[in-house]
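*Asks:* Single-letter residue listing:
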Amino acid sequence: MNKRDFLKDAILFFPAAATLQALAPAAEGKAEPANVPADYDATKHWYGMGVDVDKCIGCNRCVEACKAENNVPTEPFFFRTWIERYQIHENGETKVECISTRAGLPEQAEPEDPTVVRTFFVPKLCNQCAHPPCVQVCPVGATFQTQDGVVLVDEKRCIGCRYCIQACPYGARYLNPRTKTADKCTFCYHRITEGLLPACVEVCPTQARIFGDLKGKADRLVRFHRVNQISVLKPDLNTEPKVLYAQLDGEVR
Amino acid sequence: MSGAIPDSLNEQLGHQLSQVVGFIYPNEVETQWAILIVVYPYLTGIVAGAFILASLVKVFNVVEVQPIYRLALLTALSFMLVAGMPLQLHLGHPERAYEIFFTPQPTSAMAMFGFVYLWYLLGILLIEIWFEYRHQLVLMARASRGVLKGIYGALSLFSKDVSPEALAFDHKASKLITIIGIPSAFLLHGYVGFIFGSVKANPWWGSVLMPIVFLMSAIVSGIAMVMFLYILLSLVRNEKLDMRCLDKIGLFLLVAIIVDFALEALDYIHRLYQSEESIGILTQLVSSKLFLSLIVVQLLLGMLLPLLILVLVRSVRLNDDFRRLLYFTTSLLILVGIFSMRWNVVIGGQLYSKSLRGLMAYKMEITGIESLLTALALLALPFIILTVLFRLLPPRWMESRSMATAN
Numbered sequence: 062m063n064k065r066d067f068l069k070d071a072i073l074f075f076p077a078a079a080t081l082q083a084l085a086p087a088a089e090g091k092a093e094p095a096n097v098p099a100d101y102d103a104t105k106h107w108y109g110m111g112v113d114v115d116k117c118i119g120c121n122r123c124v125e126a127c128k129a130e131n132n133v134p135t136e137p138f139f140f141r142t143w144i145e146r147y148q149i150h151e152n153g154e155t156k157v158e159c160i161s162t163r164a165g166l167p168e169q170a171e172p173e174d175p176t177v178v179r180t181f182f183v184p185k186l187c188n189q190c191a192h193p194p195c196v197q198v199c200p201v202g203a204t205f206q207t208q209d210g211v212v213l214v215d216e217k218r219c220i221g222c223r224y225c226i227q228a229c230p231y232g233a234r235y236l237n238p239r240t241k242t243a244d245k246c247t248f249c250y251h252r253i254t255e256g257l258l259p260a261c262v263e264v265c266p267t268q269a270r271i272f273g274d275l276k277g278k279a280d281r282l283v284r285f286h287r288v289n290q291i292s293v294l295k296p297d298l299n300t301e302p303k304v305l306y307a308q309l310d311g312e313v314r
Numbered sequence: 145m146s147g148a149i150p151d152s153l154n155e156q157l158g159h160q161l162s163q164v165v166g167f168i169y170p171n172e173v174e175t176q177w178a179i180l181i182v183v184y185p186y187l188t189g190i191v192a193g194a195f196i197l198a199s200l201v202k203v204f205n206v207v208e209v210q211p212i213y214r215l216a217l218l219t220a221l222s223f224m225l226v227a228g229m230p231l232q233l234h235l236g237h238p239e240r241a242y243e244i245f246f247t248p249q250p251t252s253a254m255a256m257f258g259f260v261y262l263w264y265l266l267g268i269l270l271i272e273i274w275f276e277y278r279h280q281l282v283l284m285a286r287a288s289r290g291v292l293k294g295i296y297g298a299l300s301l302f303s304k305d306v307s308p309e310a311l312a313f314d315h316k317a318s319k320l321i322t323i324i325g326i327p328s329a330f331l332l333h334g335y336v337g338f339i340f341g342s343v344k345a346n347p348w349w350g351s352v353l354m355p356i357v358f359l360m361s362a363i364v365s366g367i368a369m370v371m372f373l374y375i376l377l378s379l380v381r382n383e384k385l386d387m388r389c390l391d392k393i394g395l396f397l398l399v400a401i402i403v404d405f406a407l408e409a410l411d412y413i414h415r416l417y418q419s420e421e422s423i424g425i426l427t428q429l430v431s432s433k434l435f436l437s438l439i440v441v442q443l444l445l446g447m448l449l450p451l452l453i454l455v456l457v458r459s460v461r462l463n464d465d466f467r468r469l470l471y472f473t474t475s476l477l478i479l480v481g482i483f484s485m486r487w488n489v490v491i492g493g494q495l496y497s498k499s500l501r502g503l504m505a506y507k508m509e510i511t512g513i514e515s516l517l518t519a520l521a522l523l524a525l526p527f528i529i530l531t532v533l534f535r536l537l538p539p540r541w542m543e544s545r546s547m548a549t550a551n
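Protein chains in written order, with our numbering: chain A, 62 to 314; chain B, 145 to 551.
Quick caveat, the hints were computed from the structure, so don't treat them as lab data.
Non-contacting residues of chain B with respect to chain A, defined by C-beta distances greater than 12 Å in every case (computed):
id	residue
1	213
2	266
3	274
4	283
5	324
6	408
7	427
8	511
9	544
Below, computed lysine-lysine pairings styled on DSSO-like, alpha-carbon distance capped at 27 Å:
id	chain 1	residue 1	chain 2	residue 2
10	A	241	B	344
11	B	344	A	156
12	B	316	B	392
13	A	116	A	128
14	A	241	B	507
15	B	344	B	507
16	A	295	A	128
17	A	295	B	344
Chain B stretches covered by chain A per the calculated footprint, using a threshold of three residues with CB under 8 Å from any CB of chain A:
id	region
18	153–162
19	228–238
20	252–258
21	495–507
Just so it is clear, CB atoms sit at the ideal spot from N, CA and C, and this is done for glycine as well.
Here chain A stands alone, though its shape is the one from the complex:
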């Protein structure tokens, strides 16, 4: 190869290499969470949440805190977390209602129904599955699992096809009408990577929600897991949820 040919090739090679270099992260198909502190090491954590069903009083403050913290539309069609109320009747019938879609508090207390034998509240949110079907179906890799086990959506990459919403067995996702991208609970990723608690956990007056790190030895969540009988939602679907419920009734789906 003579000098002239070499130079010609080099002139072509360097811009081409630079272009490929620039495209490489995009082509890899994996997004990384934005705005994480520089000293945060995701590999050291495996986050989860415990929910003590007996402690929830259905005050809905977690839902309000979540909407405020994460700029979730206030309309009653979009929730990152919500509360369901279950009423079990004498004849075994179960009545379920989502109390988070109510507009304001009821003016009067509801009259007591003598046929109700048991009633309880169940907070719901994204289960941050270890084996998430939403991540599996996303055509562009916009929804992904971080190394600490949190499932996130990259709103700059999401094309808004809504396949992940269909694939979620828990109804935890919605299409954000402002960004036109899929949206869901992030465990308040911007807070937990700073060492803070998720907003819903922070405001819960009865400590019905326990946030923690399943990799931590002396963690509250690990203790919660040890001392309670734990259930997860829809275990037969093999999604391996990391939201762990204590004292959960079999009626809850």
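Dock chain B against the given chain A, drawing on the hints supplied.
*Replies:* Showing chain B alone in chain A's frame:
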């Protein structure tokens, strides 16, 4: 991030919320995949079905169907060109759609569908049509002048060779492509079924039979569409139909409907017999929200009545005009029935809560992107494309020319 939610969306969701029966998860009020996603498998199915009908001529030498060979190919192309549009239009960010091709997620059925679609369009359909029409295009380029000469020249990719060897090669090539094309057509629509059938969160969709049910219904709808167009064209042109051809198409249609019916029946029997957790809510869904579209339109009018008519046509001696009328009616009934089937799968799967405790409603918008008008436009577009293709590539140009030279 901030900004108000459009009033129309609020209004639609408010209405749908007021129609909820029982308990649903709060995020389930919105119908995520609406009318455009009903149109999409409908169009794709017609493509696959029309192609498979055409392949009968090339691969299995069913000579009776020769008269509709080119019609079937051009029908497949016209619907294929539109099939991707409803998907594109329904995206929240249509401008990012290219991401599916540049950064696809290998585990996603939807991402892989993009490649299946492209393969079928570019690798099969266009090449097959090119080989089929090359001879004619060369002759048309020779016979025409000015801009048209340029167009036909370009369409023939400036090939000039019409020697017997070259024509024999065309013939061989198009046969080979058809042979590859059959599994590709199966893949195309089977894959659409897989997009739904692989969703384990939704018991109405998540069935191993879904791809094959989609495929059989695709074949039914494709044959019905070609039959419909064949009769319609003869009426428009005031020409006599080849009744042997029509009877043969009718026979294939009958066989396809029987297989389709058997598969769908198997699906329902299996569900009822296994009677899993979801059976209660699904029974409620079928007997209330889907009664008209599933039991009446899809099953009775779209499947059993056509089946009855096709059996009647074969068992009783009827005159040509009456048979033609019956075939025309049958093809129309089937086309409506299969559309209904797509509706029942796509919308039906979103009318019950994944909590299995309640039913939702879907209120179709009349105007806007995701609306009745857009759906109608997308359903009309293939016919417009087909008309243009017919003008550009007259299916019987060669015959009329040889007749003209003979005279």
